[in-house]
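J.: Chain by chain, the residues:
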Amino acid sequence: MNVDLIRLTNVKKTYNTGVTAIRDLNLRITKGDFVFIIGATGCGKSTLIKMLYREEKPTAGQILVGGIDVGKLRNGKVYKIRRKIGVVFQDFKLLEKSTVFENVAFALEIFGIPKDEIHAKVVKALDLVGLKDKITSYPDQLSGGQQQRVAIARAIVNGPKLLICDEPTGNLDKETSKEIMAVLNEINKLGTTIIMVTHDIDIVKEMDKRVIELDSGRVLNDFERGTYR
Amino acid sequence: MKTFRIIGRNIRDAFKGVFRNFSLSFASISCITITLIVVAVSMVLSENVNNFTLLVEKDVTIVAFIDNDLEEKKIDEIKKEISKMSNVEKYEYKSKQKITKEMMESSEVFDSIMKNWDSSENPIQNTFQVKVKDINKINDTADKIKKLDGITLVKYGEGMIEGLISTFSFIHKICIGAVVALILVTAFLISNTIKITISSRQREIGIMRLIGASNLNIRIPFIIEGLILGILGSIIPIVLTIYGYQKLYDHFGGHLFSDFIKLIKPVPFVYATSVVLLSIGILVGMFGSWRAVKKHLKI
Ligand SMILES: Nc1ncnc2c1ncn2[C@@H]1O[C@H](COP(=O)(O)OP(=O)(O)O)[C@@H](O)[C@H]1O
Ligand SMILES: [Mg+2]
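So the sequence lines, in the order shown, correspond to chains A and B. Here the first sequence is numbered in our numbering, starting from 1 and rising by one per residue. Here the second sequence is numbered in our numbering, starting from 1001 and rising by one per residue.
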């Protein structure tokens, strides 16, 4: 029953500056899970998830995501894994000159999906994050929390198996962070595996999910659900 | 249907790209326009020179005068020798009777003079009229014919015509060189424009990559953008060519300086030239952006 969506075996990452960000990492993440990654700044959290969506390549070891050997993916084929993974960042990464609708539709238009189908999917995704009434707004007309929800809608509109979030609440206040977490929890319940990097220990405690703590590129602790206090 | 939608989106994006960075696009378009105007002028010039050269070449004939006392058999031998020469395009034997007849038909004065002459007194000689393949080697060929037994005299448009033709072919070569150089410069400039467009859109491209755009997805709009720049840049040169050349042709009445130098008729020449200009514009635009995209869009 417990199928691994992600499996890292003896993964190591040394940047060409000589900095080693990940040392001998072994990790398994089950399909449908919600996993937090915590640890001090510079311990390699971002590097770890960047390797999952093949922004970075491991120096050694194997990374399987949904059965694909991500580390072996050639540059020209990276899009194949990107289409299966949604990514959300602290800084939202929205197109400023495009409306909320266009920002979300952007991810579908590339694939040549019919207009009405795009419309239906975009509206559904925006409905899920609670922004159905902001379709024609521009990013600078929205609050930070709303912008992040647009980014989440864009990340999931394609129906990815995995949603990766790198400090999605890093720029948001407590109240707004809670809203974002509610949205992510909803998405997770619908079957999407979520990996979230965060500094916010309150969130981690409240959500009560699996927590992986990194230290200097190694797994320091791996708390099963409900064991992190 | 899917491909159709993707193409539609790409064209839309490319147009957006052209207008979003309009000052840059405008610089590229102007650059293509200027280049293509020079190309058009060069083409009109060189094509006319070429045409003129061909016309002249067609007209240049070596006339070999044959000794009037020569027997039929000897004439046949000369014919064989001439046919063996590599630079001979075609040759024709013209008997003095035929030449006389032609001359009498073309001139009344001549006609009245010749009528009073007995055919045995006819001073006109039998000739071979030879056309050569390569006009630059006409000297050699004429010399060879001259050396044949029974040929008394060889005449052709010595000096003046060859000089004219070699001057023109020199101009022609310079035009081609200038055009090639300009096209390269333009491709380079477009490449730079697209490069700036790309760098001003790095963020957008980064986001596209993040959400799973393939390299092709990302590149095609830029390539189409180059194509659009090429098309927009060729509008003015094409209009100038079509109307300008017609005006020029009408102004000079179809020939330059004298009847001798005939201009190419505007239709279909201007349309053919326009097609060439548009093709160059499109190719240069696409090549320029392809180069920029290849260099600056590596993952
Ligand atoms: N692109 C990079 N080039 C070189 N070194 C990097 C790069 N990205 C991160 N690092 C280094 O790798 C280490 C881990 O960084 P990162 O994964 O961003 O940590 P975290 O996200 O946990 O704060 C740090 O020492 C950082 O300086
Ligand atoms: Mg980080």
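Heads up, a few of these hints could be off.
[To be verified] Lysine-lysine pairs mimicking DSSO-like chemistry, simulated, CA-CA at most 30 Å apart:
| no. | chain 1 | residue 1 | chain 2 | residue 2 |
| --- | --- | --- | --- | --- |
| 1 | A | Lys97 | B | Lys1101 |
| 2 | B | Lys1294 | A | Lys80 |
| 3 | A | Lys115 | B | Lys1295 |
| 4 | A | Lys80 | B | Lys1079 |
| 5 | A | Lys93 | B | Lys1295 |
| 6 | B | Lys1016 | A | Lys72 |
| 7 | A | Lys50 | B | Lys1294 |
| 8 | A | Lys72 | A | Lys97 |
| 9 | B | Lys1094 | A | Lys97 |
| 10 | A | Lys77 | B | Lys1195 |
| 11 | B | Lys1016 | A | Lys132 |
| 12 | A | Lys124 | B | Lys1195 |
It should be emphasised that the hints constitute simulated quantities derived from the structure, not laboratory data.
J.: Mind listing which of the numbered hints don't hold for this structure, in increasing order?
T.: 1, 3, 4, 6, 8, 9 and 12
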